[in-house]
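Engineer: Keeping the supplied structure of chain A fixed, place chain B upon it in accordance with the hints.
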Amino acid sequence: MKEIFLKFKGSKTVLEAEVINPNVFAGKKLSEIENLTVYHGNRRAKLGEFFDVEGSTSEDARELRIVVEGDLEKVKRIGENMSEGEILIKGNAGMHTGDFMSGGRIVVEGNVASFCATEMKGGEFIVKGDAGDYLGSAYRGNWIGMQGGLIVVEGNVGRESCAHMSGGKAIIRGTAGDFAGVHMRKGTIIIEGKANRAGAQMIGGTIVILTNVDPLPSFELVGEESDIEVDGERFSGTFLKYIGDKAELRAKGTLYIRK
Amino acid sequence: MHYTDVVCTFCGTLCDDIEVTVEDNRIIDIRHACRVGASKFFKASDIKHRRTKPIIRENGREIEVSLEEAVEKASEILADAYRPLLYGWSSTTCEAIKYGVFLTDLVGGIMDNTATVCHGPSVLAFQEVGYPSCTLGEVKNRADLIIYWGSNPLHAHPRHLSRYSFYPRGFFRERGMQDRELIVIDVRRTDTAKIANKFIKVEQGKDYELVSALRYVLNGGVLKKDYVAGVSREEIYELVDKMKSCSFGVLFFGMGLTQSSGKHRTIDNAISLVRDLNRFTKFNIMMMRGHYNVTGSNEVLAWETGYPYAVDFSRGYPRYNPGETSAVDVLVRGEVDAALIIASDPVSHFPKEAVKHLLRIPYISIDAFYNATSMFAKVYIPTAVAGIECEGTAYRMDGVPIRVRKIIEPPEGVLSDEEVVRMIYEKTMEKIKERIEEEAAEKVIV
Numbered sequence: 001m002k003e004i005f006l007k008f009k010g011s012k013t014v015l016e017a018e019v020i021n022p023n024v025f026a027g028k029k030l031s032e033i034e035n036l037t038v039y040h041g042n043r044r045a046k047l048g049e050f051f052d053v054e055g056s057t058s059e060d061a062r063e064l065r066i067v068v069e070g071d072l073e074k075v076k077r078i079g080e081n082m083s084e085g086e087i088l089i090k091g092n093a094g095m096h097t098g099d100f101m102s103g104g105r106i107v108v109e110g111n112v113a114s115f116c117a118t119e120m121k122g123g124e125f126i127v128k129g130d131a132g133d134y135l136g137s138a139y140r141g142n143w144i145g146m147q148g149g150l151i152v153v154e155g156n157v158g159r160e161s162c163a164h165m166s167g168g169k170a171i172i173r174g175t176a177g178d179f180a181g182v183h184m185r186k187g188t189i190i191i192e193g194k195a196n197r198a199g200a201q202m203i204g205g206t207i208v209i210l211t212n213v214d215p216l217p218s219f220e221l222v223g224e225e226s227d228i229e230v231d232g233e234r235f236s237g238t239f240l241k242y243i244g245d246k247a248e249l250r251a252k253g254t255l256y257i258r259k
Numbered sequence: 001m002h003y004t005d006v007v008c009t010f011c012g013t014l015c016d017d018i019e020v021t022v023e024d025n026r027i028i029d030i031r032h033a034c035r036v037g038a039s040k041f042f043k044a045s046d047i048k049h050r051r052t053k054p055i056i057r058e059n060g061r062e063i064e065v066s067l068e069e070a071v072e073k074a075s076e077i078l079a080d081a082y083r084p085l086l087y088g089w090s091s092t093t094c095e096a097i098k099y100g101v102f103l104t105d106l107v108g109g110i111m112d113n114t115a116t117v118c119h120g121p122s123v124l125a126f127q128e129v130g131y132p133s134c135t136l137g138e139v140k141n142r143a144d145l146i147i148y149w150g151s152n153p154l155h156a157h158p159r160h161l162s163r164y165s166f167y168p169r170g171f172f173r174e175r176g177m178q179d180r181e182l183i184v185i186d187v188r189r190t191d192t193a194k195i196a197n198k199f200i201k202v203e204q205g206k207d208y209e210l211v212s213a214l215r216y217v218l219n220g221g222v223l224k225k226d227y228v229a230g231v232s233r234e235e236i237y238e239l240v241d242k243m244k245s246c247s248f249g250v251l252f253f254g255m256g257l258t259q260s261s262g263k264h265r266t267i268d269n270a271i272s273l274v275r276d277l278n279r280f281t282k283f284n285i286m287m288m289r290g291h292y293n294v295t296g297s298n299e300v301l302a303w304e305t306g307y308p309y310a311v312d313f314s315r316g317y318p319r320y321n322p323g324e325t326s327a328v329d330v331l332v333r334g335e336v337d338a339a340l341i342i343a344s345d346p347v348s349h350f351p352k353e354a355v356k357h358l359l360r361i362p363y364i365s366i367d368a369f370y371n372a373t374s375m376f377a378k379v380y381i382p383t384a385v386a387g388i389e390c391e392g393t394a395y396r397m398d399g400v401p402i403r404v405r406k407i408i409e410p411p412e413g414v415l416s417d418e419e420v421v422r423m424i425y426e427k428t429m430e431k432i433k434e435r436i437e438e439e440a441a442e443k444v445i446v
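Top line first, the protein sequences correspond to chains A and B.
Under my numbering, the first sequence is numbered contiguously, ending at residue 259.
Under my numbering, the second sequence is numbered contiguously, ending at residue 446.
Check before you lean on any hint, since a few could be wrong.
[Stated by the list, open to error] As a list, the in silico BS3-like pairs of lysine-lysine whose alpha-carbon atoms are at most 30 angstroms apart:
no. : chain 1 : residue 1 : chain 2 : residue 2
1   : B       : Lys224    : A       : Lys194
2   : B       : Lys406    : B       : Lys40
3   : A       : Lys194    : B       : Lys225
4   : B       : Lys433    : B       : Lys98
5   : A       : Lys252    : B       : Lys206
6   : A       : Lys90     : A       : Lys9
[Unchecked claim] Simulated restraints on C-beta separations:
no. : chain 1 : residue 1 : chain 2 : residue 2 : range
7   : A       : Ser102    : B       : Gly205    : 34 to 44 angstroms
8   : A       : Lys9      : B       : Lys225    : 55 to 65 angstroms
9   : A       : Glu229    : B       : Glu353    : 44 to 54 angstroms
10  : B       : Ser232    : A       : Lys252    : 52 to 62 angstroms
11  : A       : Phe235    : B       : Leu223    : 23 to 33 angstroms
12  : A       : Phe235    : B       : Ser232    : 31 to 41 angstroms
13  : B       : Glu203    : A       : Phe235    : 24 to 34 angstroms
14  : B       : Glu353    : A       : Gly193    : 24 to 34 angstroms
15  : B       : Gly306    : A       : Glu233    : 40 to 50 angstroms
16  : B       : Glu203    : A       : Lys252    : 26 to 36 angstroms
17  : A       : Thr211    : B       : Glu238    : 32 to 42 angstroms
Derived by calculation from the structure, the hints in this document are not laboratory data.
These figures come from a predicted structure and were not determined experimentally.
Ideal placement from N, C-alpha and C gives every residue a C-beta, glycine not left out.
Just chain A, with the same shape it has in the complex (with noise of 0.2 angstroms):
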C-alpha cells in the first residue's frame, strides 16, 4: 500500500478540502496534488498552501492511503465522496468528514465534529475519540441518512445521530445524546451506554441499547428476551423488547433495552 502524508500548516478561517480523497489522489504525481483547489473562507487557494504533501502516490486508489496530521477542527468534507483507499487521520477532523462515502475506509484518532459521514452509503467510518452532532444523519431536509456501511465510536456521540437512518450499522461505545436513530427506518445502532430518547418517531429498524434506560412513553413494552442476537452480534443478559415509536402510524421499530 503506497502512502500519502499530509501535513495541516494551519489556516486563517475554515477550509473545505474535499479533495483530500483518494479517489482524487490517484494517479497524480506530488507536484500535481499540490496544486489541487481548495476553499480557504470565500476565496480558492491551493492545497499545498495549507498542507506539506510526501509520500508516494499510486494509479489505483484502493492502493492508496492518505494519512492527514494536524488539527484538522478547521477543515471541512475530508473524504467526502470516496469510494476506495484509506484516509488515517491523526488529530481531530472538522465538520463533513466522509460525507457520501460509498466504500473504503476513514480512521479518525481523535474527535470528529459534527455532520460526519452523513448519508454514508458503504464502507467503514472508525473514530476513536467522541464525534459531533448528527454523525451519519441525513441532510437538512432528506428524508433518507445513511444507507449502507459501517460506523464505530469509541467514544460519545453528540444528538441525532444516526438520524433517518435507512441501512447499515453503527455501533457506539460511549453514551449517545438524545434522538440517536430518530425517523429510523431500517439498519441497526448499537449504543453502549446511555441514550435519552432514542428510536424517537422511528418506523423500522432496530436499537440495541446496552443500559438500563426510560424509553418514550410511545414505546410498546412486548416481552423479555434473554441472549439476543442482532445483525451478527450477540448480547448476553434479558433485554426489554419495544416496538415503537407507536406515535406514528405502522410503527415497526425494535428497541431492546438491557433490563
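Structural biologist: Quick look at chain B alone, frame taken from chain A:
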C-alpha cells in the same frame, strides 16, 4: 395631522388599525396600539434618544463622519473579509433584505436572520414534515379551540388574543370568546394561562414526551404510565378528546416549545400531531413570530436563494446547514473575520462566547437606535425607523405581506435601511472589481 390604519412595526402580529396624531413632525397621540407598540412610536419620534450621525471608531476614538465615509469604510471591511457574517434583517423591510442578499452573494459571506436564535428550529421541522397552517383571518372567523403552547401572548403579542384568536367575534363565531375554548400549555401559570379555560402544566424540557404521549393516545395506544411529563393520564385523554372533537383547532407555539429540549424534533413531533389530528377534524399550527418582519426575512431569503436562514455563499452558490452556517455557531467557533449587523443587537442577546468573538473582529452596525452592538462597532450608521419614518413591506406571522407606512420625516441626513445597504452594496462592488483586476494584473506579471 391624523393618520388612520397605520401599521405597528413591533411584533409579528403587525396590527394595522393604529391611529396616530402628528404635530410638527412629532407623534403626540396613539390610539389602539398596545403599550409595547405605542412606546416604539413615541421613542422613534423622540430624537433625544437617537444618534443621527454615522460613527467610525479607530484606536478607541469615536469620530463622527459623513454617510459616504462610513459607507466607504464599511465596504472596505466587507470586501477584505474571508468569511463575513451578515446578521439581523428581522426588524427591517423586505426591500432592505433584498439588497442584503445581493451584498452577501457579492462578498461570499453568510446571511443569517434572528430566526436562528428564535423560530429557526421550527423552520427546520417544516422542511421535514410540512406546515399545516392557515391565516389569522381564518382563526378569527372559524377557530373554536385555541391552544397556546410555550407562548405568553398577553406579554409578547399583547393584541393577538383580542384581534385574532380568543376574543373577537368572527363569521362562524358570532359570540366571540363564548364560542371558543382557550387552552394554555406551559411550564408555569403565565398571565395568559390565568385567563384560559384550561391550563396544563408541563414539566420543563419534557414537551417532546408530552407530544409523543398525545400522538400515541390519538393513534389508539393505551398509556401505561400515570404521569407523562408531569401531566396526568386523565388530562392527556381529555386533551386528545377536545382536540379531536373541535371543528377548527389551532395550535400557536412560541419559544417555550421551540427552544425546549429537543428543539426542532419537538416541533417536528408537534406538527406530526397536527397532521394526525387532520384525520379527525380541521387543525392548524402556527408560529408566534417575534420581530415584525422575521417572517419576511425568511420569505425573501427563501425566494432569492431557496433557503430561509443561515445561508452560506462562500463558494459562490447558496448552501444551508444550520449548526454549521448559523450565526451563533460560526461566531463561537471563531470562523468569522468581519460582520455586518443590521436592525439587531446580538451583543445584548447572543451567548457570551459568540459575543467575545464578535468584539474581536471589525463589524458594522446599522440600526435606527443606538444599541449595545453599535457601542462597539467599527462603523455605526443610523437609519430611519421602518413603518414610521420610511415605508416598505413586512410579513405578518401567518405569511401575509402588509405595506408599512411613513408617517413622519426621518432626522436630517438619515436614510432608510434599504438605501444604506444599497450604497454599501454598490461601493463593495467597486472594491471587489478593483481587487480582481489587481489580482489579474499580478498573475500576468508572474
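Engineer: Tell me, in ascending order, the numbers of any earlier hints that this structure violates.
Structural biologist: Number 10 - this is the single hint that the structure violates.
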